[in-house]
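**Q** Work the whole structure out from these sequences, hints included.
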Amino acid sequence: MTQALFLDLRHIRKAFGNFTALHDINLQIQRGEFVCFLGPSGCGKTTLLRIIAGLEVQSAGEVWQAGRDISRLPPAQRDYGIVFQSYALFPNLSVADNVAYGLVNRRTPRADISRRVTELVKLVGLPGSEGKYPAQLSGGQQQRIALARALATSPGLLLLDEPLSALDALERVRLRQEIRTLQQTLGVTTIMVTHDQEEALSVADRIVVMNHGVIEQVGTPMDIYREPASPFVADFVGKVNVLPAKVTAGHMHVGNLQIPVGGEDREARLYLRPEDVLARPISAGDAHVFEATIEKIEFLGAYCHVHVSSPALHPHRLTVYLSLNFLSEQSLQVGSTLPLKLVPERLKVF
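In this note's numbering, the protein residues as written are 7 to 356.
It should be emphasised that the hints constitute simulated quantities derived from the structure, not laboratory data.
Everything numeric in this text was worked out from a predicted model, so none of it was measured.
All C-beta atoms, glycine included, are put in the ideal place defined by N, C-alpha and C.
Keep in mind that a hint or two might mislead.
Unchecked claim - Here are the simulated BS3-like cross-link-like pairs (lysine-lysine), alpha carbons at most 30 angstroms apart as the crow flies:
{"no.": "1", "residue 1": "LYS347", "residue 2": "LYS245"}
{"no.": "2", "residue 1": "LYS138", "residue 2": "LYS252"}
{"no.": "3", "residue 1": "LYS354", "residue 2": "LYS302"}
{"no.": "4", "residue 1": "LYS245", "residue 2": "LYS302"}
{"no.": "5", "residue 1": "LYS354", "residue 2": "LYS245"}
{"no.": "6", "residue 1": "LYS347", "residue 2": "LYS302"}
{"no.": "7", "residue 1": "LYS347", "residue 2": "LYS252"}
{"no.": "8", "residue 1": "LYS138", "residue 2": "LYS128"}
{"no.": "9", "residue 1": "LYS302", "residue 2": "LYS252"}
Stated by the list, open to error - Listed next, with one range per pair, are the computed distances between beta-carbon atoms:
{"no.": "10", "residue 1": "SER337", "residue 2": "LEU284", "range": "13 to 23 angstroms"}
{"no.": "11", "residue 1": "ALA293", "residue 2": "SER315", "range": "48 to 58 angstroms"}
{"no.": "12", "residue 1": "ASP14", "residue 2": "GLU335", "range": "32 to 42 angstroms"}
{"no.": "13", "residue 1": "ARG121", "residue 2": "GLU233", "range": "39 to 49 angstroms"}
{"no.": "14", "residue 1": "SER334", "residue 2": "ALA10", "range": "46 to 56 angstroms"}
{"no.": "15", "residue 1": "HIS29", "residue 2": "ALA117", "range": "24 to 34 angstroms"}
{"no.": "16", "residue 1": "ALA21", "residue 2": "HIS320", "range": "45 to 55 angstroms"}
{"no.": "17", "residue 1": "PHE90", "residue 2": "ALA293", "range": "31 to 41 angstroms"}
{"no.": "18", "residue 1": "SER171", "residue 2": "HIS259", "range": "35 to 45 angstroms"}
{"no.": "19", "residue 1": "GLU68", "residue 2": "ALA293", "range": "36 to 46 angstroms"}
{"no.": "20", "residue 1": "VAL248", "residue 2": "ALA175", "range": "36 to 46 angstroms"}
{"no.": "21", "residue 1": "LEU99", "residue 2": "SER171", "range": "37 to 47 angstroms"}
**A** Structural data, given as structure tokens:
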């Protein structure tokens, strides 16, 4: 069954004086989707989120939500809940009063408010904390309460503006999975702004990669990672090796290696993920294999970043992923040589 269109952004443009922050943004989001706006600082992702929320007014274009044009509606008349990076809890209000804030403003009956607050505090994993104050909670706990507050009015859209960036690494990983589980349980359409590629890859149904006020690519995490549409996406999402190359007579020349790629003669840049450089014994007839020397090993736990050089690629170097077990089994260390193989179908050429 196809999902229903929930949010439709049409030709959104935003200018601040002579600076254009967003250029002709067109994007459709389906009901129940979890979408991440991903990009570097200053790319326009937060501005776009604020336009959806009505906290900024677009210079041109329209915002449609659930078939309704909300382009000029004030925030209070839009159907969303929002969570900010800074928690934005009221320090003088208890957890219960913070969560209930939107319901009180809607004049919801007191008994219904109490029931909803208890339900949400339990849902975000903090049952029994209703009487506490924000200062008595950790950063992760405060963000959970901010999330409960955003969900209190049962909004059709949940907006998350870098909600995890103020937390420590372990808490970020824990809370992002809790947010994803909660979103799937409730089925609420969710947009999260982040500059953390790992965060976006781990939770999103689709990722919107932005740069300099334009959308570079929209796709599933797998699409974005394996089939980047531009050099920027390939370089920004995940780790990648970039090698200058030249295509002549249907072959790409990288150092001393020749790889069949077809197409017209041109200068090119080869983008290659570290995990797509394979370490294996050389077999008779193996193509695109070369000897490399380990220059540096970065220990990352079960896997290592291994920096190598090779006469076949001189003067360029590669970073490859090798498991700690493989390095130990092969007794590999700095100065060791090993055979590596390029897989042509995994190369991305721009």
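**Q** All the hints need checking, so say for each whether the structure fits it.
**A** Going through the hints against the structure:
1. LYS347 x LYS245: At roughly 18 angstroms apart (the allowed maximum being 30 angstroms), LYS245 and LYS347 satisfy the hint.
2. LYS138 x LYS252: violated (64 angstroms)
3. LYS354 x LYS302: holds (25 angstroms)
4. LYS245 x LYS302: Answer holds: LYS245 to LYS302 is near 16 angstroms, not above 30 angstroms.
5. LYS354 x LYS245: Between LYS354 and LYS245 the Cα gap is close to 13 angstroms, so the pair holds against 30 angstroms.
6. LYS347 x LYS302: holds (19 angstroms)
7. LYS347 x LYS252: holds (19 angstroms)
8. LYS138 x LYS128: holds (14 angstroms)
9. LYS302 x LYS252: holds (28 angstroms)
10. SER337 x LEU284: 13 to 23 angstroms: holds (19 angstroms)
11. ALA293 x SER315: 48 to 58 angstroms: violated (21 angstroms)
12. ASP14 x GLU335: 32 to 42 angstroms: violated (54 angstroms)
13. ARG121 x GLU233: 39 to 49 angstroms: Holds, since ARG121 and GLU233 (Cβ atoms, about 47 angstroms apart) stay within the stated range.
14. SER334 x ALA10: 46 to 56 angstroms: holds (52 angstroms)
15. HIS29 x ALA117: 24 to 34 angstroms: The hinted range 24 to 34 angstroms is violated for HIS29 and ALA117, with Cβ atoms some 50 angstroms apart.
16. ALA21 x HIS320: 45 to 55 angstroms: Distance hint for ALA21, HIS320 holds at roughly 48 angstroms.
17. PHE90 x ALA293: 31 to 41 angstroms: violated (53 angstroms)
18. SER171 x HIS259: 35 to 45 angstroms: holds (43 angstroms)
19. GLU68 x ALA293: 36 to 46 angstroms: Between GLU68 and ALA293, where Cβ atoms are some 53 angstroms apart, the hint is violated.
20. VAL248 x ALA175: 36 to 46 angstroms: violated (27 angstroms)
21. LEU99 x SER171: 37 to 47 angstroms: Violated, since LEU99 and SER171 (Cβ atoms, about 24 angstroms apart) do not stay within the stated range.
Checked against the numbered hints listed earlier, the structure breaks hints 2, 11, 12, 15, 17, 19, 20 and 21; every other hint is satisfied.
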